[in-house]
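Student: Just so you know, the protein sequences line up as chains A and B, in that order. So the first sequence is numbered by my numbering: it starts at 45 and just counts up by one. So the second sequence is numbered by my numbering: it starts at 45 and just counts up by one.
Because the hints were derived from the structure by calculation, they are not lab data. Treat the numbers as computed from the prediction; the structure is a model and nothing was measured. Do not rely on the hints blindly, as some may be mistaken.
Since the list gives no way to pick out one identical chain from another, each pair is judged satisfied if it fits inside one copy or across any two copies.
Calculated cross-link-like contacts (lysine-lysine; reagent style PhoX-like; alpha-carbon spacing at most 25 angstroms) [as the list claims (entries may be wrong)]:
| id | residue 1 | residue 2 |
| --- | --- | --- |
| 1 | Lys324 | Lys166 |
| 2 | Lys288 | Lys47 |
| 3 | Lys47 | Lys209 |
| 4 | Lys184 | Lys368 |
| 5 | Lys184 | Lys288 |
| 6 | Lys386 | Lys288 |
Protein chains: 2
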Amino acid sequence: MEKEFGQLNPEYRILLGPGPVETSPRVLRAISSNMLGHLDPQFLEIMNETMDLLRYVFQTENQLTIPMSGTGSAGMETVMVNLIEPGDRVVVCVKGVFGQRLRDIAGRCGAEVISVEAPWGKPIQPEQVRDALESAGGAKLVAIVHAETSTGVLQPLEEISKIAKEYDALLVVDAVTSLGGVELKVDEWGIDACYSGTQKALSCPPGLSPVTLNDKARKVLGNRTTKVQSWYLDLTMIQNYWGKERFYHHTAPINMVYGLREALMIVREEGLEARYARHKLNSNALIKGIEAMGLQMIAPEGYRLPTLNAVKAPDGVDEAKARKFLLEKYGIEIGGGLGDFKGKAWRIGLMGESSRRNYVILLLAALGDALIQQGYKANVGSSIEAALEVYNK
Amino acid sequence: MEKEFGQLNPEYRILLGPGPVETSPRVLRAISSNMLGHLDPQFLEIMNETMDLLRYVFQTENQLTIPMSGTGSAGMETVMVNLIEPGDRVVVCVKGVFGQRLRDIAGRCGAEVISVEAPWGKPIQPEQVRDALESAGGAKLVAIVHAETSTGVLQPLEEISKIAKEYDALLVVDAVTSLGGVELKVDEWGIDACYSGTQKALSCPPGLSPVTLNDKARKVLGNRTTKVQSWYLDLTMIQNYWGKERFYHHTAPINMVYGLREALMIVREEGLEARYARHKLNSNALIKGIEAMGLQMIAPEGYRLPTLNAVKAPDGVDEAKARKFLLEKYGIEIGGGLGDFKGKAWRIGLMGESSRRNYVILLLAALGDALIQQGYKANVGSSIEAALEVYNK
Chain A
45 MEKEFGQLNP
55 EYRILLGPGP
65 VETSPRVLRA
75 ISSNMLGHLD
85 PQFLEIMNET
95 MDLLRYVFQT
105 ENQLTIPMSG
115 TGSAGMETVM
125 VNLIEPGDRV
135 VVCVKGVFGQ
145 RLRDIAGRCG
155 AEVISVEAPW
165 GKPIQPEQVR
175 DALESAGGAK
185 LVAIVHAETS
195 TGVLQPLEEI
205 SKIAKEYDAL
215 LVVDAVTSLG
225 GVELKVDEWG
235 IDACYSGTQK
245 ALSCPPGLSP
255 VTLNDKARKV
265 LGNRTTKVQS
275 WYLDLTMIQN
285 YWGKERFYHH
295 TAPINMVYGL
305 REALMIVREE
315 GLEARYARHK
325 LNSNALIKGI
335 EAMGLQMIAP
345 EGYRLPTLNA
355 VKAPDGVDEA
365 KARKFLLEKY
375 GIEIGGGLGD
385 FKGKAWRIGL
395 MGESSRRNYV
405 ILLLAALGDA
415 LIQQGYKANV
425 GSSIEAALEV
435 YNK
Chain B
45 MEKEFGQLNP
55 EYRILLGPGP
65 VETSPRVLRA
75 ISSNMLGHLD
85 PQFLEIMNET
95 MDLLRYVFQT
105 ENQLTIPMSG
115 TGSAGMETVM
125 VNLIEPGDRV
135 VVCVKGVFGQ
145 RLRDIAGRCG
155 AEVISVEAPW
165 GKPIQPEQVR
175 DALESAGGAK
185 LVAIVHAETS
195 TGVLQPLEEI
205 SKIAKEYDAL
215 LVVDAVTSLG
225 GVELKVDEWG
235 IDACYSGTQK
245 ALSCPPGLSP
255 VTLNDKARKV
265 LGNRTTKVQS
275 WYLDLTMIQN
285 YWGKERFYHH
295 TAPINMVYGL
305 REALMIVREE
315 GLEARYARHK
325 LNSNALIKGI
335 EAMGLQMIAP
345 EGYRLPTLNA
355 VKAPDGVDEA
365 KARKFLLEKY
375 GIEIGGGLGD
385 FKGKAWRIGL
395 MGESSRRNYV
405 ILLLAALGDA
415 LIQQGYKANV
425 GSSIEAALEV
435 YNK
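Extracted from the complex, chain A is given alone in its bound form (with noise of 0.2 angstroms):
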């Protein structure tokens, strides 16, 4: 093997794509830590702290609330294969490509689905899922997303708790996007299960998945009659690592742990409430930005996801390169659209670190650079001047 590699030496991102977002210079020196044991007494602390600090960006009391070792498609797959077991009948809501995914795995698992489905960009109606069950006779669970990444919908779900509760369904949340940016109330809210991933709202490296299971939903897996299809995400031998028990299951990726409790700590210092504050004027500042600059939201008033903003990119401009142009000529990464949207629509997060004025007012400036080398009239300084507007109100 005679190749050389050089040192590592990422240049530097302004990261406002669906994530990972940036991360606090203190959350890298927490990774950085010299290393633990995974059984050693130092470590479980830190376990259980960082297992408090979930429960307060969740907003539950939970017992089973921890970071399986895994990206936030871990804990979408976790939820699932723990509460389904083959030939169970589970409503999923599909208004994006993560709700696909869910669908998906709830095929894997042997589930028979049936789907609730809206239009791209657009949520799902409480009726719809009412309807569902209404006509299935009910089903043993409803899983939805809470923050649809690939559209920039934020799903309205104390409505749809209720239906669920009515027809005995435990309700299943995709947190990845909200949690930490977006009012997110698991136990007021009726949510069972929830799973979210780390490299969002929270600003912490990808690689774990947090996840939370109350009793109801523990008392569905205590009562399995088959084994959990993945032995790797099996919560009942998990919850006895996490637990009192402390009993060996797999070795948890420690450092990451180091990261997330220092990411979670930073959380709980700016607070909750005013975290979600920040998001909300960031986002308010963008979009009133993006539109008078000329261009259009993706998901309409109301719905729209402080976190992940969807833009439709107008006709004639080629999407790719205008974020190649933002790459190469600012540094900045956004993302471009999934599915339906593929080719036709950007994603800029603002999450965690990158939820910041700064950021904000640079990439409009960037973006309308970018359509007006594309030939498009961008209006580059009236989008500037309605950011302030709404950081000046």
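Assemble chain B onto chain A, guided by the hints.
Tutor: What follows is chain B alone, placed relative to chain A:
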């Protein structure tokens, strides 16, 4: 939430357990590098380099050689769920905890599992594998652990590989505790699929699991008639992210990949042969010291794993109490027995950065001290002399 959380400040440990082991400061610096997007051209290059370096340590030309986004057990599950379809007949060799885990996972995949067993602390005999394949009329695959972390046994593989080929069965090898510390030649030995972990002889933090599949194994994957039961670990999709297509699947754990690349560069700078020799030397010195102290190794000579040295706890000695003493008085972590050896053994890892002369000498003195505390007449002086003799030969 009123509880106060202090600065993360883990006390320094000498990590001589079954892993995680110590990590080079270079690796810790690498993982704290600034974040990149998971589709950033810079990160794609880092992925390419990491795959190249993994091919070097696996001693393979396999195109599909990637780190899965989970710890070692996720690698085990990856290989099994991708290669097995419900109803497939598979032979699983069981001689410790990790063979049991393989069998458990094979069962969860719906396989018809044929166990080949050896007593804990002994290797599997090639003829046992032949007999199993012969009486079953062949099997889709034979799965075996190269380095059984629960017993310290190094399993010879070349003969078993030939037998698997005679019966046209794939050979699946668990190299979690051997990769980078013990000779392992994936291509030359005819291993069709192999997986490992990062926190053992590669001396990287836990969180990734390198896997490699040859074209024969990939063909089996391509010929599946059912979906892989795990979405998160589905190689048919993941290979399109790590391959030329760069197709989004899940967000790779960016910083862990930084760390793995750096850890692999360190392995390459030392060179595999020199690295194997270092592991062997330190293990030999430890073994001589252990025996001179009056203790016994679990694995028979010729089958001892240099990376993981399993030692019988003498009658009348409380092994857990001895470990607690080592941790509290010396800051040294060693492992206890697992499964059949629970309460009866110590497992001493000398892997990667933890495989050092200084630690061998210190551990022998400290373990002797721990034994003397419990009234066992450990011959500490002879033990140290025996170890020095190995180094000075």
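Student: The structure should be examined with respect to each hint, and the outcome stated for every one.
Tutor: Each hint, compared with the structure:
1. In this homomeric assembly, Lys324 and Lys166 come within 25 angstroms of each other (Cα to Cα) only inside a single copy, at 19 angstroms, whereas the closest approach across copies is 62 angstroms.
2. For the identical chains of this complex, Lys288 and Lys47 are inter-copy neighbours only, at 19 angstroms across copies versus 49 angstroms inside a copy, given an alpha-carbon limit of 25 angstroms.
3. In this homomeric assembly, Lys47 and Lys209 never come within 25 angstroms of each other (Cα to Cα): the closest approach is 60 angstroms inside a single copy and 33 angstroms across copies.
4. In this assembly of identical chains, the alpha carbons of Lys184 and Lys368 never lie at most 25 angstroms apart, being 45 angstroms within a copy and 46 angstroms across copies at closest.
5. In the homo-oligomer, the alpha carbons of Lys184 and Lys288 never lie at most 25 angstroms apart, since the shortest distance is 30 angstroms inside one protomer and 40 angstroms across protomers.
6. Taking CA atoms no more than 25 angstroms apart as the test, Lys386 paired with Lys288 passes between copies only; the shortest distance there is 19 angstroms, against 47 angstroms inside one copy.
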